[in-house]
Amino acid sequence: QGISFADPDPSSRHRIHLLIGADLYGSLLKNGLPIGTPTAQLTALGWIISGPTGRGRIESENICVCHNVSTHDTNSLLRQFWEDAEVSRPPPLTDEEERCEQHFLATHSHSPEGRYIVRLPFRHELSIDIGDSLRIATVFYEKMKRKLRRHAELSAQYNDFLAEYLALGHMSAIESPSDTALTPVYILHHSVLRETSSTTKLRVVFNASCKTTNGTSLNNHLLVGPKLQQDLPAILLRWRQWRVVYAADIAKMFRQILVNNLDTDFQRILCRPS
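Going by my numbering, the letters in the sequence shown line up with residues 5 to 278, in that order.
Not one of these hints is a red herring.
Simulated DEER-style distance windows between Cβ atoms: (1) LEU170 with GLU199: 24 to 30 Å; (2) GLU105 with HIS71: 42 to 48 Å; (3) LEU172 with GLU87: 39 to 45 Å.
Taking lysine-lysine and the DSS-like style, the derived pairs with C-alpha atoms no more than 25 Å apart in a straight line are: (4) LYS205 with LYS147; (5) LYS256 with LYS205; (6) LYS215 with LYS149; (7) LYS205 with LYS151; (8) LYS205 with LYS149; (9) LYS231 with LYS256; (10) LYS215 with LYS151; (11) LYS215 with LYS147.
Everything labelled a hint here was simulated from the structure, so no lab data went into it. We put the CB at the ideal spot given by N, CA and C, even for glycine.
Can you make the complete structure from the sequences, with help from the hints?
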């Protein structure tokens, strides 16, 4: 209506030059008070208006601040990708697995036939005390023999299995059981029958984790080496790399590895074939 505002452009983003407190508001007022909606008031600085506003559309701005910190460079990301995608890369060894590997490299040998001869990877020196295992092994063995007497066929297969052990040289009789400076360890064993097996229906399983009189077992005193078997996904992927694939099997593979005579007293069993 032809009035000049104290702020000619209130919607502008110009810098504010002066802030006036409410205590000086009355000193600025002059004559002239057009009544309406909104109300205009003449001040020393010009006209100002005040009053309620309509409920029209209000446009607002939302400010969003995003921060992104990258801790990997391109080279490390590419290296990680190749390491994850590489099938044949062996996993890193733990400290215990590394000790076991070094023990094997330092103590293994070969027989005249070319077979490996290994030492048991004890955690400490051979002055260790594994405890008395003979009494526990005797009780368990007598219990197993009573079970076999009730099953003639199972008993025959058990005796055949141990007879094969002797014939192949995978175990031998002890000539002088008490002639040793160390306390021998007698390992418990029992038979496992698998009717669905097409080759060997009965197997003898040895339990080196059975606790002795001092609460420890043979396995408690041995280092645990890395896993020798490859993962099945790696085998399947390697199978698809070549046009022709050969598959083979080694009969009684782990029994082809001989134990050094210095450690055979730690792997005794009670056996009385009938």
